[in-house]
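This is what each chain is made of:
Protein chains: 2
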Amino acid sequence: MALDDAALKKFGFIPREPKDAINIDPLQTGGKLTEEARRALLEWGDGYSVCDFCGGVLDLIKKPPIEELVHSALPEFLNTDAVRLTHGARESKFAVMHSIAKEGDYMVLDKVAHYSSFVAAQRARLNVVTVPHSESPEYRTDAEGYATVIEEVINKTGRPPALAQVTYPDGSYGNLADVKRISDICHSYDVPLMVNGAYSVGRMPIDAKALGADFIVGSGHKSMASSGPIGILGVREEYADTVFAKSPTHPAKEVELLGCTVRGAPVMTMIASFPHVVQRTRNWDNEVADARWFSSRMADLGIVQKGERPHNHDLMFFEAPVFYEISQKAKKGRYFLYRELKERNIHGIKSGLTKYFKLSTYQVGRDNLKYVADSFEEIIEKHRTA
Amino acid sequence: MALDDAALKKFGFIPREPKDAINIDPLQTGGKLTEEARRALLEWGDGYSVCDFCGGVLDLIKKPPIEELVHSALPEFLNTDAVRLTHGARESKFAVMHSIAKEGDYMVLDKVAHYSSFVAAQRARLNVVTVPHSESPEYRTDAEGYATVIEEVINKTGRPPALAQVTYPDGSYGNLADVKRISDICHSYDVPLMVNGAYSVGRMPIDAKALGADFIVGSGHKSMASSGPIGILGVREEYADTVFAKSPTHPAKEVELLGCTVRGAPVMTMIASFPHVVQRTRNWDNEVADARWFSSRMADLGIVQKGERPHNHDLMFFEAPVFYEISQKAKKGRYFLYRELKERNIHGIKSGLTKYFKLSTYQVGRDNLKYVADSFEEIIEKHRTA
Ligand SMILES: Cc1ncc(COP(=O)(O)O)c(C=O)c1O
Ligand SMILES: Cc1ncc(COP(=O)(O)O)c(C=O)c1O
Chain L
1 MALDDAALKK FGFIPREPKD AINIDPLQTG GKLTEEARRA LLEWGDGYSV CDFCGGVLDL
61 IKKPPIEELV HSALPEFLNT DAVRLTHGAR ESKFAVMHSI AKEGDYMVLD KVAHYSSFVA
121 AQRARLNVVT VPHSESPEYR TDAEGYATVI EEVINKTGRP PALAQVTYPD GSYGNLADVK
181 RISDICHSYD VPLMVNGAYS VGRMPIDAKA LGADFIVGSG HKSMASSGPI GILGVREEYA
241 DTVFAKSPTH PAKEVELLGC TVRGAPVMTM IASFPHVVQR TRNWDNEVAD ARWFSSRMAD
301 LGIVQKGERP HNHDLMFFEA PVFYEISQKA KKGRYFLYRE LKERNIHGIK SGLTKYFKLS
361 TYQVGRDNLK YVADSFEEII EKHRTA
Chain E
1 MALDDAALKK FGFIPREPKD AINIDPLQTG GKLTEEARRA LLEWGDGYSV CDFCGGVLDL
61 IKKPPIEELV HSALPEFLNT DAVRLTHGAR ESKFAVMHSI AKEGDYMVLD KVAHYSSFVA
121 AQRARLNVVT VPHSESPEYR TDAEGYATVI EEVINKTGRP PALAQVTYPD GSYGNLADVK
181 RISDICHSYD VPLMVNGAYS VGRMPIDAKA LGADFIVGSG HKSMASSGPI GILGVREEYA
241 DTVFAKSPTH PAKEVELLGC TVRGAPVMTM IASFPHVVQR TRNWDNEVAD ARWFSSRMAD
301 LGIVQKGERP HNHDLMFFEA PVFYEISQKA KKGRYFLYRE LKERNIHGIK SGLTKYFKLS
361 TYQVGRDNLK YVADSFEEII EKHRTA
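Protein chains in written order, with my numbering: chain L, 1 to 386; chain E, 1 to 386.
Simulated from the structure, these hints should not be mistaken for lab results. For every residue, glycine included, the Cβ atom is placed at its ideal position computed from N, Cα and C. Be aware that one or more of the hints could be misleading.
Pairwise CB distance ranges (calculated) [claimed, not checked]:
no.: 1; chain 1: L; residue 1: His187; chain 2: E; residue 2: Leu60; range: 52 to 60 Å
no.: 2; chain 1: E; residue 1: Tyr356; chain 2: L; residue 2: Lys156; range: 54 to 62 Å
no.: 3; chain 1: L; residue 1: Trp293; chain 2: E; residue 2: Arg282; range: 54 to 62 Å
no.: 4; chain 1: L; residue 1: Tyr189; chain 2: E; residue 2: Tyr335; range: 20 to 28 Å
no.: 5; chain 1: L; residue 1: Ala2; chain 2: E; residue 2: Lys111; range: 51 to 59 Å
no.: 6; chain 1: E; residue 1: Gly55; chain 2: L; residue 2: Tyr324; range: 19 to 27 Å
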């Protein structure tokens with residue numbers, strides 16, 4: 001590609017299409033910016049904007065109140081001891097794996113873990129053993145499975161794994177595992193537990209100490225109404241010196257953070273949205289009620305929610321044989337559902353999926369959810385009679 | 001901190017103070033957004049916005065043209081084989097160090113390297129040996145020093161270091177080392193060379209192949225008019241399979257990138273600014289002329305530019321005995337300079353510095369530079385006569 005005028009015209013400002021759609025993609029519902037965050041983005045958009053105020057440690061910047069966010073508000077919000085900003089959930093997980101475990105060590109993941117957990121463990125060059133789930137229809141992670149897997153590692157290597165992780169909730173079925181029981185089991189073997197709260201921190205109340213989490217991971221762009229990439233990492237006191245170890249040559253700089261992480265606008269959007277995010281986690285019961293209501297509307301249409309039922313989270317996985325049947329005959333084949341929804345300004349079910357899909361009801365609101373459910377019904381009617 | 005209404009009021013939208021100032025902080029001059037990038041920020045600000053269009057690999061998204069940026073335009077722009085997005089220069093450097101070298105290996109850094117290079121090497125658990133500079137007044141990195149240091153590693157360990165790095169230019173004096181000579185030396189020992197172009201990629205023309213760079217690193221928020229955090233990493237073909245190795249369990253996902261990196265607005269600001277960034281690198285001679293002009297105005301005031309002279313980059317380091325003298329008697333002591341400049345709407349020389357400081361003339365423009373130089377003169381006059 002020669003970088004002439006014609007080529008350069010392909011870049012520049014690009015409009016975003018489904019900007020005003022009702023977006024039920026689980027990746028998107030919790031990351032939508034508040035109005036305050038949109039203002040903060042423009043105000044702080046330039047390059048390294050926040051670094052104008054930095055005395056050498058990003059998370060100690062007093063004005064704007066990054067220090068207060070990171071060292072007071074977030075520890076309180078999560079009930080954990082030490083918090084830092086990262087580039088996302090996966091980067092938080094890698095920082096823990098890389099600092100707590102050594103190359104070749106074993107770690108435990110739940111089989112429902114997000115791909116990025118497996119990849120982070122591979123980047124840290126760890127051996128992974130997995131705790132199975134109960135398969136269809138509930139796909140539950142059995143807490144006792146952690147004991148089984150830890151015992152297996154001990155039998156094989158003579159010592160327990162360096163770390164265990166649980167996804168809370170998992171990103172496929174939205175199941176909330178029994179973390180308290182899992183942490184009790186892990187701790188009885190002296191195995192520290194990381195809780196991946198990419199889909200919980202910022203959506204629902206989280207109390208890391210009550211869960212027994214030694215490490216708690218959150219995703220700003222996924223669940224804290226922040227502009228990506230930004231994540232958070234909470235660590236129990238006894239592990240903080242290890243995970244946040246300082247550089248031997250540059251004693252103000254933390255090695256796992258490479259000195260600093262989100263040097264730009266994303267942290268200012270997190271600060272801007274924080275009051276709203278705190279408030280919305282206090283309204284979690286309503287969100288669960290919305291999810292259950294939506295699940296039962298789907299059931300009426302023959303679309304079956306998998307995972308825990310009644311469900312306890314906005315992320316839900318559905319099996320829709322009715323859409324699969326339609327796709328066998330529809331003009332656009334398996335793309336019909338995506339197009340029908342798009343025509344109705346609904347976005348977020350991946351193009352080409354019909355039989356199985358996931359969606360999120362988070363912050364969509366009962367009126368919009370009703371519109372989405374009515375649209376599913378209408379689409380079924382339309383193709384049944386066609 | 002109890003998260004009650006009073007506490008939450010501390011967060012929300014926070015205005016940015018030196019927003020409209022003339023900013024000569026080297027961290028800021030190349031990261032200022034274009035108007036297109038400001039529009040892109042608002043358009044794509046929500047959480048994971050670009051992921052709406054992702055088929056599983058971020059840098060293969062066709063619409064918006066991320067694939068074209070990453071796989072056509074940027075390789076052409078830098079004359080390198082394979083490019084990926086990262087969270088910044090330091091994250092690019094860590095990815096290379098972590099994938100190319102093994103724990104305990106040796107690597108070479110120039111002594112003028114940015115702290116984040118040292119910290120990245122520490123995170124990768126490498127041993128670092130450094131190539132000295134020539135000390136005051138030029139602080140030049142001697143290319144032949146790479147041979148000396150490589151020989152030392154060979155004598156000590158029986159084999160050459162796994163990697164060498166050069167900072168081009170360095171972040172303290174803005175010196176442009178003789179990279180071609182350095183790469184020839186490194187290659188004669190089979191040592192691959194990484195060029196840290198945090199202050200060059202996006203500011204001046206860069207031809208990685210002509211430089212002999214096996215790895216080229218850029219910083220979007222520092223030098224590509226992009227909203228942070230975002231960086232780029234260019235890799236020569238023969239190393240691409242190693243640095244960008246795929247996950248054994250998730251074959252579409254690259255392990256060092258944890259699957260994906262800038263999942264949000266920053267990449268859209270890079271796309272938005274790209275035409276401008278390409279154009280401005282073609283105007284580099286004017287930028288160098290501005291820097292030299294400014295340096296000579298400073299010289300007239302008894303403020304001496306250190307580093308290469310005549311200078312070849314917008315980042316310059318000054319020694320200002322005149323400001324130091326004033327600070328000994330001024331009311332605000334060593335804070336007088338910061339305050340005098342602030343009163344004149346000039347930002348970017350760190351508060352408290354008087355005798356030594358660095359600044360950047362990049363994209364400031366001759367008129368504003370004249371105003372800055374006149375302001376320095378005025379401040380000296382004012383305090384001389386006081
Ligand atoms: C359960 C789960 N964890 C982690 C992630 C990754 O989050 P991040 O992009 O912040 O790394 C995802 C993304 O979908 C997820 O579903
Ligand atoms: C020479 C040099 N390299 C790298 C960096 C870090 O860039 P980034 O923030 O993109 O990691 C800096 C920051 O000041 C620098 O001066």
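Do the hints match the structure? See the list:
| no. | hint | verdict |
| --- | --- | --- |
| 1 | L/His187 - E/Leu60: 52 to 60 Å | violated (42 Å) |
| 2 | E/Tyr356 - L/Lys156: 54 to 62 Å | holds (58 Å) |
| 3 | L/Trp293 - E/Arg282: 54 to 62 Å | holds (59 Å) |
| 4 | L/Tyr189 - E/Tyr335: 20 to 28 Å | violated (56 Å) |
| 5 | L/Ala2 - E/Lys111: 51 to 59 Å | violated (39 Å) |
| 6 | E/Gly55 - L/Tyr324: 19 to 27 Å | holds (21 Å) |
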